[in-house]
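The residues making up each chain are set out below.
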Amino acid sequence: MDLRYTADEIAFRDELRAFFRREIPAEIRRKVSEGRKLSREDIVTTQRVLHAHGLSVPNWPVEWGGKDWTPVQRYIFSEEIQAAAVPQPLSFNVNMVGPVIATFGNAAQKQRFLPPTANLDIWWAQGFSEPGAGSDLASLKTTARREGDEFVVNGQKTWTTLGQYADWIFCLVRTDPNARKKQEGISFLLIDMKTPGITVRPIITIDGGHEVNEVFFDEVKVPAENLVGELNKGWDYAKFLLSNERIGIARIGLTKERLARVKRLAQETPAGEGTVWDDPDFRRRLAWSEIELKALEITQMRVVAAQRTRAADKPDPSSSILKIKGSEIQQQATQLLMEVAGPYAMPRPDRDEDGANLPSVGPEWADAAAPLFFNYRKVSIYGGSNEIQRNIIAKAFLGL
Amino acid sequence: MDLRYTADEIAFRDELRAFFRREIPAEIRRKVSEGRKLSREDIVTTQRVLHAHGLSVPNWPVEWGGKDWTPVQRYIFSEEIQAAAVPQPLSFNVNMVGPVIATFGNAAQKQRFLPPTANLDIWWAQGFSEPGAGSDLASLKTTARREGDEFVVNGQKTWTTLGQYADWIFCLVRTDPNARKKQEGISFLLIDMKTPGITVRPIITIDGGHEVNEVFFDEVKVPAENLVGELNKGWDYAKFLLSNERIGIARIGLTKERLARVKRLAQETPAGEGTVWDDPDFRRRLAWSEIELKALEITQMRVVAAQRTRAADKPDPSSSILKIKGSEIQQQATQLLMEVAGPYAMPRPDRDEDGANLPSVGPEWADAAAPLFFNYRKVSIYGGSNEIQRNIIAKAFLGL
Amino acid sequence: MDFDLTDEQRLLADSVNRFVSDRYGDFEKRKAYRAEAKGYAAANWSAMAEMGLLGLPLSEEQGGFGGGPVEALLVMEAIGRGLVVEPYLATVVLGLGLLRRAGGQEDLLAEVAAGGTTLAFAHQERQARHDLHDIATTARQDGDAWVLDGAKGVALHGDSADRLLVSARTAGGRRDRAGIGLFLLDPATPGVTRRGYATQDGLRAAEVVLEGARATLLAADALPLIELVADEAIAALCAEAVGAMETLRDLTVDYLKTRQQFGRPIGEFQALQHRAADMLVATEQARSMAMYAAMMVQGSDPAARATALSAAKALVGRLADQLGKDAIQLHGGIAMTEEYKAGHYFKRLTMLGVLFGDVDHHIRRVVAAGGLPD
Amino acid sequence: MDFDLTDEQRLLADSVNRFVSDRYGDFEKRKAYRAEAKGYAAANWSAMAEMGLLGLPLSEEQGGFGGGPVEALLVMEAIGRGLVVEPYLATVVLGLGLLRRAGGQEDLLAEVAAGGTTLAFAHQERQARHDLHDIATTARQDGDAWVLDGAKGVALHGDSADRLLVSARTAGGRRDRAGIGLFLLDPATPGVTRRGYATQDGLRAAEVVLEGARATLLAADALPLIELVADEAIAALCAEAVGAMETLRDLTVDYLKTRQQFGRPIGEFQALQHRAADMLVATEQARSMAMYAAMMVQGSDPAARATALSAAKALVGRLADQLGKDAIQLHGGIAMTEEYKAGHYFKRLTMLGVLFGDVDHHIRRVVAAGGLPD
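Residue numbers (the numbering used here), protein chains in the order written: chain A, 1 to 400; chain B, 1001 to 1400; chain C, 2001 to 2374; chain D, 3001 to 3374.
Keep in mind that the hints were calculated from the coordinates and are not lab data.
Take the hints with a grain of salt, since some may be wrong.
Taking lysine-lysine and the BS3-like style, the derived pairs with C-alpha atoms no more than 30 Å apart in a straight line are [claimed, not checked]:
id: 1; chain 1: B; residue 1: 1239; chain 2: C; residue 2: 2257
id: 2; chain 1: D; residue 1: 3325; chain 2: A; residue 2: 395
id: 3; chain 1: D; residue 1: 3341; chain 2: B; residue 2: 1037
id: 4; chain 1: D; residue 1: 3029; chain 2: A; residue 2: 395
id: 5; chain 1: D; residue 1: 3257; chain 2: B; residue 2: 1141
id: 6; chain 1: B; residue 1: 1395; chain 2: C; residue 2: 2257
id: 7; chain 1: D; residue 1: 3257; chain 2: A; residue 2: 239
id: 8; chain 1: A; residue 1: 221; chain 2: A; residue 2: 110
id: 9; chain 1: D; residue 1: 3257; chain 2: B; residue 2: 1037
id: 10; chain 1: A; residue 1: 395; chain 2: B; residue 2: 1037
id: 11; chain 1: C; residue 1: 2031; chain 2: A; residue 2: 37
id: 12; chain 1: A; residue 1: 395; chain 2: C; residue 2: 2325
id: 13; chain 1: B; residue 1: 1194; chain 2: B; residue 2: 1395
id: 14; chain 1: C; residue 1: 2325; chain 2: D; residue 2: 3325
id: 15; chain 1: A; residue 1: 67; chain 2: A; residue 2: 239
id: 16; chain 1: B; residue 1: 1395; chain 2: C; residue 2: 2325
id: 17; chain 1: A; residue 1: 110; chain 2: A; residue 2: 141
id: 18; chain 1: C; residue 1: 2257; chain 2: B; residue 2: 1181
id: 19; chain 1: B; residue 1: 1395; chain 2: C; residue 2: 2341
id: 20; chain 1: D; residue 1: 3257; chain 2: A; residue 2: 181
id: 21; chain 1: A; residue 1: 395; chain 2: C; residue 2: 2257
id: 22; chain 1: D; residue 1: 3325; chain 2: B; residue 2: 1031
id: 23; chain 1: D; residue 1: 3038; chain 2: B; residue 2: 1141
id: 24; chain 1: C; residue 1: 2257; chain 2: A; residue 2: 181
id: 25; chain 1: C; residue 1: 2341; chain 2: A; residue 2: 141
id: 26; chain 1: A; residue 1: 141; chain 2: A; residue 2: 395
id: 27; chain 1: D; residue 1: 3257; chain 2: B; residue 2: 1182
Modelling step: build the complete structure from the supplied sequences, incorporating the hints.
Okay, structure coming up:
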């Protein structure tokens, strides 16, 4: 047992570190660091740079652009991309639909979709959640009935992240309403967002941002060739996809970068005779977050190391631990930042007639502090709420 | 609305304050303050002094020695007796069996039992809990079958606090094993501990103390005249009794006294260049306990004030709030004390051959600190665990 | 000791509660109020004036009700329940709190009580954070008038206020307790620049820049007065937080009862029941602490008063923070949307935690004082 | 980066685990061990010697295994699982940790490894609390020997140890970092008085009074050495805590599965399930932190090492405290009894929190250092 990186691993890390800082525009990285909203272009630009260097889809099969990395190398990549505040390759493409197509799609689908998915020529959205379903994902109601060479889709999806940018959407749809169990009779369908009958309606969140959407399907005609894998087997593909989703869900590298930034800003922000950093109470809470994050980082390393030997179908509590603690510490970091802002966490600058922000009222970073805190309440809700994660641990691992 | 005491209330308080300090031996009060075990004699002596001054059973009917006090006066009495570190009159006598006999007993029972109960000539124990029942009190299994003029009792009670001192025990026993609901078919029986067939076995707790016992009943013959109220109605009397039990369960006065003592000892205990009190982290946690206690004190005052107007059978979440927060803060106080003791919380002085403690290893008070912390884990378990209290709030008050 | 309201207090509570449920019962209306020119509803303000709420703390000779902390508590709790956007805190609690004690402005008091004039307190400075005595803005005498230079920030409702109360240093260094004067200023005066903006909780505030702005001195060495009124504001914010907590808790419990998942209302899940029970405990503890604040703000010893009010702000802040987060979590995604009420209560509770000092600031003051006063 | 154990490490882990389950699997045996003359089982100690555990950290030339922090972690985790009462921490981690580095006592090292001699570290002084450099005991030279005067407290297993390692001041003031010497002392020496006693967790310790006691100087200016070994002890305690937490969690989960209430196993109640899930999260986080401690205790920069070890002690302390309390609470009354295992784990975890500095002490050190080392 040795928790230190080998010389090779250090070289690999340093190379990535230099690459990210050299090749990804500083302005984009600054936005990530400050928790500001990224534009579609920011994300596309970044992914294409990564793709040009063969780094957009390292987790895919090598023949489709993946890398034959060790688990430790994958871990280092994931940590370094976050620590450098580089927008990660679009998860819907890279961690979700890509692996599903690569694993369960037919040859034509692979050929057609994988290259543009890797280069973000197609922007994918996820069509899983439905109103009223929440954590009970399998209770979905959107239907697809077969008519000749087409499926006709009707229903509604919600919480569709960045759906406003999407070219395509991968959906779970009910193809057999009479199946005995709700998990059966679900299929996995790829749908072009330009198809008539699709309406996207924005959901504005409490931070004032437009990140998620409702997507309505009204008699939407989808070619039958867009069915992935077998009819009525979509739930299996969804489970495969969701287990990939949890990779990196703890976002340790990003949080580490954020806590370092909180520390810097606390040292710069005046308070009394000195700065916020002089307040031992503040420093104590920051120290606790750092320490908990360190423990979680090692937990994540242990998970990575265990991936080599663990049976894929054995219940593993570690992704739930990463989700619970990772989300808690991410939330702590946003709250600490808001506290550094102090009274200047309050202003919410009006927008001008074009919708652009007016100049900041307080320090520029302070504007974003409260909205980020508000927005980050989501991380303990989405991806299976922390309550669901505790259920999973209790049932699957503790046998309760 | 005015949260301040009236002049009359202040006079009443000052009178009690002086009385407690004048009449109750300082050595007994010091034991209470330090969380040390009281002897049987300490408790008897105190209650008899109170009784001699008409203060042992203020909550009883006036004809049996009670006081016609306002709720505020009762509250003041309860707070001041704790703040003076005076052992409270034995709860089994004063808050439990006494009021039950006074309310549901017949004339002969009142005449026979109430005066010696008030003066602690009879020491009562409570025979409710049974092994395996826990918070599900009504699932009790101890039976009493009628044979002529007697009940014959068989079964086992547990967690019988101070049962080793008891002259009598009041028990819930199952008199109708065929009742439809488990709450039916239970009767309330008074049993002389000297009756043949009763065995008391000590339970030693993790603090090393002997406070609770198991009590076994093997063909124990109890005169039928010792049945309180009606046959098979014992559950109603038990509910009446338990609602009295929760009076003062928050023990705010006692905790206030304990926190003040923690503060004093922290100021006397060396640490580094100064004392424990110089540590702002310690002071911050102590301050939080003080503040939470202040809020709870006002919550308790509000409960007292509402007693005048509240319908007796309306669900009231306040006793559950008092139980939850009161137990939490009591536990915090014991932990803070243990932290003041530092490394000298560790020694557990051996006893000599007679079972007496050898001299303290560290400061005298420090010996008792860890055992008190261990012992006080009980306060969130007994009297309906804090989990049960949350169930009560959720169901009875929030309608969930 | 008496927790019963007097008949007058009960009448007041009833009428404020009726006002809030009439005007804020439909949450959509709040959006419309915020869209008005001043960021709140002129009609609501007039109604509050008619109800006598705007003159509440004034003596009867001044045309008011002689309302004290208990009356303020009743009004602010109702304001919290409705997330009322009108500038009651700015104009009545802060503005009148200062003005009526500084004295000599009887006409202005009457105008405020009548609803014709609103006030704001421009005190906060950027370097000061939560320290009330940290004032860099200067005042120099020029004949009868005073001339102010400096910058004030996050003045609540300072963008629309008809008169500003401004603190400025007549003597001493930036962090001296002595030498802070209180001034009255017409924002139309040359040398005054205001930048108004929305706050994260949907209210309004302003940055105020003073460049040779002429003002009237209301009180010299005004820090003790400012601290007293800040403590009154803290008591008011505690009461507002209790109202908001109560509503948010009820909203959450209702949601738990109606939202179905896995084939049953999620309120049947015990883990969520216990969280809801903790929300009730938190609300009641916060209510008790708001009462404590109302009681102690009347105290004659400023040091004891300050410690008690810090304790109240710290505990209510901590409880409100936890309750707000739990409310969002128990709701799930729906509470993350701007359309739904819960998020707005959460945001207001978060900002109440920042206003007049956050939890860290206030617990530090209690620690420095060696604990609660007896 | 490699989390796999080497073959030697796996062998070690297997044999220690077997030892613990053989000798401590039946909890009643522990009571018998404690009743022996020294407060632990002589036979267990011999067995540990035979297994090579007592010479673990010694180099192969010294007759040991050259075991490092990972080996210590494996042994201490097993010790935690069994609540082992033998003086491994006192003799091997502390005693040998000091002695082997001070040098010049090769024979004694071999005796310790063989199980013939036990050690204790008498360092703590009453006024010092958790500050390692706060030493009032004095040492003055008298010919070749040194003469010690002072009082040491809570020396773990100091009552039965065959040799004491004692720190004493050869120069400087009470809280100076320089001038602290490390001495070797035979407790039978005139001028040494020991008072042994049980600790709250069922182990043993002693107060040691030194009145003109003659001792051998092992190392001058030994504070850096003492701090290093204290950090190794902290790493060991973290591992022990993980073992105890894991067992206590399993005990609790088993209890939840078997205990019936309201007609079903209480483990079916979701609120309790979530508490149990949190116990699992806590154990895994503590385990990660114990690994971090084992990694960082090897670091070459003493300041970074100290901060990292403080971080580990603080987090493990906090997690162990909460897990211990939850275990008692989820059990209910049964865990309050001396007869049942759970309370003993709780007590040990509580005392592990005190040993070598409590949570407050260590988090303060992290804060003073400005946060974790990179």
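Now for the hints, and whether the structure bears them out:
no., hint, verdict
1, 1239(B) / 2257(C), "holds (29 Å)"
2, 3325(D) / 395(A), "holds (22 Å)"
3, 3341(D) / 1037(B), "holds (24 Å)"
4, 3029(D) / 395(A), "violated (34 Å)"
5, 3257(D) / 1141(B), "holds (22 Å)"
6, 1395(B) / 2257(C), "holds (11 Å)"
7, 3257(D) / 239(A), "holds (29 Å)"
8, 221(A) / 110(A), "holds (22 Å)"
9, 3257(D) / 1037(B), "violated (35 Å)"
10, 395(A) / 1037(B), "violated (43 Å)"
11, 2031(C) / 37(A), "holds (25 Å)"
12, 395(A) / 2325(C), "holds (26 Å)"
13, 1194(B) / 1395(B), "violated (43 Å)"
14, 2325(C) / 3325(D), "holds (25 Å)"
15, 67(A) / 239(A), "holds (23 Å)"
16, 1395(B) / 2325(C), "holds (22 Å)"
17, 110(A) / 141(A), "holds (28 Å)"
18, 2257(C) / 1181(B), "holds (28 Å)"
19, 1395(B) / 2341(C), "holds (25 Å)"
20, 3257(D) / 181(A), "holds (28 Å)"
21, 395(A) / 2257(C), "holds (25 Å)"
22, 3325(D) / 1031(B), "holds (26 Å)"
23, 3038(D) / 1141(B), "violated (45 Å)"
24, 2257(C) / 181(A), "holds (26 Å)"
25, 2341(C) / 141(A), "holds (27 Å)"
26, 141(A) / 395(A), "holds (27 Å)"
27, 3257(D) / 1182(B), "holds (24 Å)"
When each numbered hint is compared with the structure, violations occur for hints 4, 9, 10, 13 and 23.
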